Amino acid sequence: MRVTVQLFARLRELAGCSRCEIQVPDGSSVEDVWRALAERHPALGPFAGAVSCAVNTDFARMQTTVLDGDEVAFLPPVSGGSC
Amino acid sequence: MNVERFAIVSAPLSVEVLTAHIEREARDRGEGCGAVCAFVGVVRATHQARRVRALEYEAFAPLALKVFALIGREIETRWPAGDVAIHHRVGALQIGDTSVAIAAAAAHRAEAFQICRYAIERVKQVAPIWKHEFFEDGDAWVEGATADPADELARQTALERACA
Chain G
8 MRVTVQLFAR LRELAGCSRC EIQVPDGSSV EDVWRALAER HPALGPFAGA
58 VSCAVNTDFA RMQTTVLDGD EVAFLPPVSG GSC
Chain V
4 MNVERFAIVS APLSVEVLTA HIEREARDRG EGCGAVCAFV GVVRATHQAR
54 RVRALEYEAF APLALKVFAL IGREIETRWP AGDVAIHHRV GALQIGDTSV
104 AIAAAAAHRA EAFQICRYAI ERVKQVAPIW KHEFFEDGDA WVEGATADPA
154 DELARQTALE RACA
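From first to last, the protein sequence lines are chains G and V.
Heads up: the first sequence is residues 8 to 90, going by my numbering.
Heads up: the second sequence is residues 4 to 167, going by my numbering.
Hints are computed from structural coordinates only; laboratory data are not their basis.
Some hints could be false.
Derived DMTMM-like pairs (lysine to aspartate or glutamate); straight-line CA-CA distance at most 20 angstroms [claimed, not checked]: (1) V:Lys69 - V:Asp154; (2) V:Lys69 - V:Glu155; (3) V:Lys69 - G:Asp77; (4) V:Lys69 - G:Glu78; (5) V:Lys69 - V:Glu79; (6) V:Lys69 - V:Asp151; (7) V:Lys69 - V:Glu7; (8) V:Lys69 - G:Asp65.
If you want a taste of the chain G side facing chain V, the calculated C-beta under 8 angstroms gives, among others [unchecked claim]: (9) Phe15; (10) Arg17; (11) Cys24; (12) Gly52; (13) Pro53; (14) Ala55; (15) Ala57; (16) Thr64; (17) Ala80; (18) Leu82; (19) Ser86.
If you're wondering where the values come from, they're calculated on a predicted model, not measured in any experiment.
All C-beta atoms, glycine included, are put in the ideal place defined by N, C-alpha and C.
Whenever a hint applies, use it, and build me the whole structure from the sequences.
Here you go:
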C-alpha cells in the first residue's frame, strides 16, 4: 500500500522534499513508514528518537497502524524553548 | 468583524483585535469579564549571543489549529469561566514583528494572567510550529521539545508556571 509522507522544517530540508509517497506492506505502522523514509533519506536517521508524528492531521504514535492512502506527517522537535 | 479564536496567519497580527474579541466573548459568562491579559511574542534581535537578521516561522497549520483548540479545552476545564484566543504568524518576519498573540479573559485578573501564561507555555510545548533563524553568519532551526499533547508531565509544568 502507499502512504503520503509530509515533512516539516529541518526534516523537510534534510530530505529535500515536503511531500513524498512511500510504499509499505499492509499492516505497517508509522514506525515502518519512518524506517522506509530514513532508508531513502539517511540524513533523517538521527531524528528517530526525537520526531513526533501525525496521521491524517491528528497526533499519532509510532506504533499506530497506517492504512492505504493515509497522510503521515513527521514533526521535528518544536521551537518552544527557554521561558 | 468576524474574528477566529484560533488562527495561523501570514498577515501581521493585531493583539487589540484579539483582546476586544475575547472580552466580548466572555462578557456575558458567569460573573462577566473583568480582566483581559494579552501576551505578544515578538522577534528578538539575538539568539544565544548571535545577531538575528530575520526569521521564518513554519507551521503544520491544520494540526496547529487542533492543538490551539485542545489548549482551549484544557483551559476551559481548569478555568471554566475563562476564555482564550491564540493567533500565530507564519512566513518571513522581521525583528520586532509579532509572531504570536494571545488574549485571555476572566472575571478577575489572577485567572486572566494564569490562563494567558498557561496558553503560551502549551503553545511552545505542543504546537507544530518551527522557527528558522537567519544570522549574519548562517542559519539554524530552533528545536526544543518533542511535541506530545498526551505528555502529562509537560502539561503539569505549564500549569505550575502559570500558577506560580
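Right, here's what the structure says about each hint:
no.	hint	in the structure
1	V:Lys69 - V:Asp154	16 angstroms, holds
2	V:Lys69 - V:Glu155	18 angstroms, holds
3	V:Lys69 - G:Asp77	18 angstroms, holds
4	V:Lys69 - G:Glu78	16 angstroms, holds
5	V:Lys69 - V:Glu79	15 angstroms, holds
6	V:Lys69 - V:Asp151	13 angstroms, holds
7	V:Lys69 - V:Glu7	13 angstroms, holds
8	V:Lys69 - G:Asp65	8 angstroms, holds
9	Phe15	6 angstroms, holds
10	Arg17	4 angstroms, holds
11	Cys24	14 angstroms, violated
12	Gly52	16 angstroms, violated
13	Pro53	12 angstroms, violated
14	Ala55	11 angstroms, violated
15	Ala57	5 angstroms, holds
16	Thr64	4 angstroms, holds
17	Ala80	6 angstroms, holds
18	Leu82	5 angstroms, holds
19	Ser86	4 angstroms, holds
Checked against the numbered hints given earlier, the structure breaks hints 11, 12, 13 and 14 and satisfies all the rest.
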